[in-house]
Structures are given as structure tokens and as C-alpha cells.
Amino acid sequence: MSDLLTCALRELKKRKLRTLAGLSGFFLGCMLITAMVLMLQYDLQAKNALVNYMGNKFLAYAPMNLIGAGDDQTARPLDPVNEGFFTEPTVVTRLLPANLAASIAKIPEVGVVTPFLLYRFKNSQDGHVFSIGGIRPADVRALQATLISRHDIISGVFFQQNDRNVVIVDKSYADMWNLKVGSVVNIGDTLFPVIGIAGSHARTARADVYMNWPDAEAAISRRLNRPLNNEANLFLIEAAGAETVAAAMRKVQTLIEQGITNSVVCSIPVVKFMGMSQNAVSAVMLIVAVLAVLFAANAQWSAASERTHEVAILKAIGWRDRSIFAQFVIESLLISLVGGISGAGAGYAMFRTIAQTLGARIDAAYQVVDVPTTLALLIFATALAGIIAGLVPAARAAATRPAEVLRDL
Amino acid sequence: MSLLQVENVAKSFFQRGNELKIFSDVSFTVEPGELLLISGRSGTGKSTLLNLLGGLERVSAGRIVFNDRVITDLSMSELAELRANGIGMIFQNFNLIPGWSALENVEAVLMHRGISQSERLQRATAILTELGLGDRLHNLPAELSVGQQQRVAIARTLVNDPAMILADEPTGDVDPETADEILHLLLPRIKSGRTAMIVASHGLFNPALATRTASLKDGKLHL
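These protein sequence lines map, in sequence, to chains A and B. My numbering numbers the first residue of the first sequence as 1 and each following residue consecutively. My numbering numbers the first residue of the second sequence as 1001 and each following residue consecutively.
So here's chain A without its partners, still in its complex pose (with noise of 0.2 angstroms):
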């Protein structure tokens, strides 16, 4: 091995203007690569990211068909002008059983889901209208995703799975009323002391006042033509990923009769964008990459042509066939190790430039993108497409006749 070595730097080092060829070839074509595949990543992980905070929730629910039928078994407000299942702003909504929570997790596209009671109160007091949201504490993941969790307490403390009486209240409701921890809040003439605050950001549905499931369905069953029987007027949805949400939502529809299915955000636009853009970016990379390896061949082959005699002159004097392979092998491996490191700390600088140049915090860009595993995957293929470019050019020299060269002379 250390022969081949040898030789093969030998060679490189007097072939100076057919190595450099190589190496530009291979320094390019790994440049331009790793550039790209960092943007790419880059650019993949921050969509990515958005899509997965903003993009792969969604909420499903079936609408009240107001002057149609089918909705007679649906538990109605005994003041219907002010109250209801509702989401927003206007859509009044049917109540459909809470177990269908259990058949929707089971769709693979979806990642985590939990029923939602969401129902408008008119305070009987002053008359002002809010909203109740009755949530099941124990749906920690589903939950966190797609409402409320204790992250979002920014006063006080989240519920506790055995909480009763005590309600969370929506910050900007809070504001509004002069709400804080240890107040009460009138519902349905019960007074529920507020044990939190939670922050006011965007949510798949939002309510004013949050209460554990029990003390929910007990406050809105009092305001109903009938009790609640273990349902629901919303599921909140969080799909595996930012890519199956589309698929996510029109399986879930498929499970509710007239049901709908709203994202928070349009999710699905950016995800194939995302995969438009990923689809480019691989194909302009393949290009490149089999451009390089062609190049490199080329160079390789070219040598082996202009080498013919000398390898003749070895054989004759008695290298073996798979040394004058392992040669010319060797050499394009070293070729494009040399240039695909070099390349790949170019295509780093190139992309860090770019990042730079563009805005982007590359501080954030270090978090998402594994720079190490993917320089070594890349100066890993960059070798690898060496061997290959080597492969031909190395049988070619191998299967050289000294004979008939020498003869030729």
C-alpha cells in the first residue's frame, strides 16, 4: 500500500497540470455540492421548523346544519342567540362523541390529538359574552401542540389531572377584566377561582376561560336542552410531520360525517414548496455530481492514454495487472479526497457567505444543520465517486499489452 502511495503521489506531483484539472474538477463539484446541501438543509430545517410551530396543526369539526336535518340528536343551547358550540369566529358547530379522538390517533399521518369542548357563555351578570374551553389535562403531548400546557402559564400554575372548581384564563381576558391569580370567574352563577394566566399567542383554538373536562361538561350541560354525554365540538390535531399534513386532514375528514377539517395556518402551499424546492436542489446536485465524476473520468482516462507506454514499460519489467489497477485507482482516490476536502471547506465558506449575505442567523443555521456529518458524508461520496471515476481508466491501463506497445515503438 505504501508503494502505491508512493508512486501515486509521485505521480500527481510531476503530472502537475492533469492532477490540477482533477482536483478543480472534483473541488468544484464538491463545492457547489455542499454549498447547496447546507443551504438546502438549511433551508428545509427552518421551513421545517415554521411548518411544524405554525403550520402541521389543524382542527376538525363538524358544522351545525342550522335549517337542515341530521342535527336533531345534537345537544342544543337553551339560548341560542348568545350561546353555543362554536370555532371561529361564527361557525356553530355539532357535538360529535369525544372517543373519536381514540379513531383519529390511529391515523399514521396523524402524530397527536385531543377533543376540545369550545363553547360560548353569556355572563349572567353584566351580559358579556366568553368562551369556555374544556380540555383533558391528561393529553400532555396533544395538548402542549395544539392549545395549552403549562409552558404557557405565565401566572399561576396549569391544572393538575384532578383539579376541580378552578379555572386558567386567557391573558387578554384577564386584561380585560382584571383578572389575576386567586380571582374568580362567574360561570353559569358558579365561581371558579383562576388558578393561571396563560399567554395569549396563536393556538389552534383559543378560549377565555379553560376548565378541566368535568367541570366543563357540567358548566355547558346546565345550558343545554340536554346533559353532555362524553363529547365533543372540536378535536385538536397535530399531524406526524409538516409534510403529511395534507394527508393528515383528509383522512380525518373521511371519519366525520360533513366534517372539516382547518388548518392554522396554510401549511400545505409551504410544504410543497418545500418539496418543489428540495426536488430541485437534489436534481441540480445529481447533475453536478455526475458531472464531476465525468470529469474526473475523463481526466483519468486521459491519463491512462497518455500513460500507455509507461505502464507497458512497468508490466514489462514486472508490475502486475492489479498494481498498475491499484495505481491509477489510488491516484483518483487521492485526487478526489484532496479535492473533495478542500471542496467541501470552499462549499462551507460559500455557504456560511451566502447565509450571511442573505441574512440568515447562522447561529440558528449551526443548531439545525449538522455541518460535521454532513462535510464527512460528502468528502465520503466525493471519494467514493473517485474510485468510480477510476475504475474504467484503472482496467483500461491493467489490460495494457506491453508487447504491443513496446513493438509499436
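It should be emphasised that the hints constitute simulated quantities derived from the structure, not laboratory data. One or more of the hints may lead you astray.
Examples of chain A residues toward chain B, derived with CB under 7 angstroms [as the list claims (entries may be wrong)]:
(1) D3
(2) R222
(3) E257
(4) P402
(5) A403
Since this is a predicted model, take the numbers as computed values, not measurements. Cβ coordinates follow ideal geometry from the N, Cα and C atoms, glycine included.
On the provided structure of chain A, position chain B as indicated by the hints.
Relative to chain A, chain B alone:
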């Protein structure tokens, strides 16, 4: 048992489906310490015969035995090993690698044989110095005179201490004085019995130096 036995060897080439017979029924033996001169006009197949003996080409018929090994049965890889260890070849036009120095050209024979680089360089330096090229080790062939180039080619052959040297017009391209120098480098080794040499020449080699002569004519070897 002779060092080399050539038994009824024939060689033909095929060009566009037509057989071109070069020679046939060539038989002879060579003993250690012998210098066999094979003479003949250009195109009679002298170089081809040397190529067959060196395993660079395959015989069309017959058998060649070298050091008790039937080399006509050996694989290309085994033949390469034979050239690396037992048979040295000297070509008329030297066949040095132009981009490699004199030292590298000689060292090349010792590569891929498990010999350390320091030993390779030491052996190559020693033989080149012995042949009077100690101050030309790092010169490229183009920077050497014709005689010096031929001496590098001889050094490349001798560095392995081969049992048999095949020389194709070893003095063909050099002036008589240089030819004498070259022969004086080779003959002592032959006379000492360390090696045998087969020289192919079309008349430029002095037959008086040979222990035996043969001529290749009309497709037959006449001893």
C-alpha cells in the same frame, strides 16, 4: 536441466483473419553463463522471440521452460512475477519512463514486492553508482546522454540480479565506444555464471562476444 529450454515454439499473428506465421519449430537451450546471439534481418521475429521468452506474449505452439517452470503455462500475473524476479529485459530504445529520474526508473523494478523504500533506494543507488551514474541519480532520461540512458536501462535490469537477461539490440542505438562500455558492464556477470543472456541483433553486436550464435531466417531458427 538447462536454465532455459525452448521446445518447438511457433508464433503467428492474425491480421484481418489472415494468419501471419512469424516462425515455427524453434527449439534451443541456454545454460547459465552463456551468451546466445540470435541474429537475423529486421522483421524475422527476433524481438517477438524475446517477448515470448520474457512472457510478454503467448506462444502459438510449443513450450518454454525456465528454471524448471513451464512459463508457457503461467498466468499473466505469474509471468509478471517472473520478470520481476528471474528475467531482466533490455530494450533497444531503452524504454525508460520519461518523467521519472534515473533512480526512480531503477527503483520501479523493486516496487510492489514488499521491499522497503529505503532498501529500494539503497539498491538502486548502488547499481547506478556501480555503472558510473552516481552523480546522475536524479536526472530525467532526457537530461542524460544516449549511453547514460542505456546504462540506466541496464541498471534497471541488473538491480534484480536476474538469472537470464533478454537484450534486444542492446548496442543498436549507441556509438561503438558506448557499446563497448555497455558490454563490459554485462559480460563479467555472464562470464561469472551468475546470469545468462540472449541477445537479438541484426548485425550490430559483435558475434565474437557470444558463446553461441543462431540466426532466425525464413521462419526457422538455425543454430
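Okay, the hints, checked on the actual structure:
no., hint, result
1, D3, "holds (5 angstroms)"
2, R222, "violated (94 angstroms)"
3, E257, "violated (78 angstroms)"
4, P402, "holds (5 angstroms)"
5, A403, "holds (4 angstroms)"
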